[in-house]
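Asks: Hints given; two lone chains; assemble the complex.
Residue numbers (this note's numbering), protein chains in the order written: chain A, 1 to 112; chain B, 1 to 111.
No wet-lab data here; the hints were simulated from the structure.
A few of these clues could be false.
Chain A regions said to be covered by chain B (calculated; three or more residues, Cβ under 8 Å) [stated by the list, open to error]:
1) 36-50
2) 88-98
3) 105-112
The beta carbon of each residue, even a glycine, is placed where N, CA and C say it ideally should be.
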Amino acid sequence: EAGVTQSPTHLIKTRGQQVTLRCSPISGHTSVYWYQQALGLGLQFLLWYDEGEERNRGNFPPRFSGRQFPNYSSELNVNALELEDSALYLCASSFGTYNEQFFGPGTRLTVL
Amino acid sequence: KQEVTQIPAALSVPEGENLVLNCSFTDSAIYNLQWFRQDPGKGLTSLLLIQSSQREQTSGRLNASLDKSSGRSTLYIAASQPGDSATYLCAVRNYGQNFVFGPGTRLSVLP
Numbered sequence: 001e002a003g004v005t006q007s008p009t010h011l012i013k014t015r016g017q018q019v020t021l022r023c024s025p026i027s028g029h030t031s032v033y034w035y036q037q038a039l040g041l042g043l044q045f046l047l048w049y050d051e052g053e054e055r056n057r058g059n060f061p062p063r064f065s066g067r068q069f070p071n072y073s074s075e076l077n078v079n080a081l082e083l084e085d086s087a088l089y090l091c092a093s094s095f096g097t098y099n100e101q102f103f104g105p106g107t108r109l110t111v112l
Numbered sequence: 001k002q003e004v005t006q007i008p009a010a011l012s013v014p015e016g017e018n019l020v021l022n023c024s025f026t027d028s029a030i031y032n033l034q035w036f037r038q039d040p041g042k043g044l045t046s047l048l049l050i051q052s053s054q055r056e057q058t059s060g061r062l063n064a065s066l067d068k069s070s071g072r073s074t075l076y077i078a079a080s081q082p083g084d085s086a087t088y089l090c091a092v093r094n095y096g097q098n099f100v101f102g103p104g105t106r107l108s109v110l111p
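Next up, chain B with everything else stripped away, as it sits in the complex (with noise of 0.2 Å):
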């Protein structure tokens, strides 16, 4: 059964600091992964998705990388802004699966 952690489970950094996010799962044999970001009481917004064949995606101040081998995944973000506040997801899935997501990392950036 597929098993997905993030670390940390909150994180409260200063505007314009560069970040690492971290997700990790117990079955390395994902078909993708993706990462969201969803704001209080709201649905998610999608940010990247990795093939299981790729090693890292790219979206603007964004960059997910996938290292299978190790059952890990990280989203680095640069130069981080206060509109960046949210909870950040990961989810992964398995061929025939359902995606399973992690709790979630609590980003606050401050002015």
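Same shape as in the complex, but just chain A (with noise of 0.2 Å):
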């Protein structure tokens, strides 16, 4: 069974440019969060969709979004990139909404 699957692996990016990242779920899986990793911080809760729906929202700012689709993938949108938006983002899956939640490998982007 696949995992977790985020693409792309790697991104290298201006200030002012936009993003989108994509996640591809555990087959079966209905619920997908985002989190953000910068350099020496730790995990900061971005988004939670579940069925389609945005359930919850971290503390970023509105230029940060996503979308859930019907196959249950997910993408998520930065706009007008800033420096400190550099870091690592993972996505992760469950079944369900309260259940173990598995990681993907992560997209590292950079912000020049």
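Replies: Here is the structure:
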């Protein structure tokens, strides 16, 4: 069974640009979570999607947004990139809302 | 607001030692708690999930306990190996909320 997959693996952007990160959950999982892990900082919760709906949102500005598709895959969009957006972005999925979370390998975003 | 802390922040032990990692949380009305390990620059690997009704879970050399009333969980690693070197994170979830992660314990097991 395939795990959570994320694309791309690495990404380099410049300030002001926009980026889209993608996540495919484990087959059968309906909940998808996005986290940001900046260098030297802990995991910060970004977004939680379940059954196509946004269930919760972390303390991030509106330029961070996303969506979940009918096949439960998800996108994270970041507009007007800033230097401090440089981080490892992790996606996780779970079967239902309160079950074990499984993480993907992450997307490393560098903003120059 | 749920807050999660982990002690110690870093730990270095010789191979073969048994060790305990600690996780504390401020809101004891949790739904479940999950332990992860993270290798440098990588994603998180799930180790154990403990539901609020459980007292402990075991997987191989790992044993996690949960004491909701005191807001604590411990991860016990038996007979540590160099391959256990990683950062260990605990995450706590309250009903209707997302997981809140602790800052992690960085473990080094020396051969």
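Asks: Decide, hint by hint, whether the structure agrees.
Replies: For each hint, the structure was consulted:
1. 36-50: Coverage by chain B holds here, the residue count being 4 at a Cβ distance below 8 Å.
2. 88-98: n = 4 at 8 Å, threshold three: holds.
3. 105-112: Coverage by chain B holds here, the residue count being 3 at a Cβ distance below 8 Å.
Comparing the model with each earlier hint shows no violations; every hint is respected.
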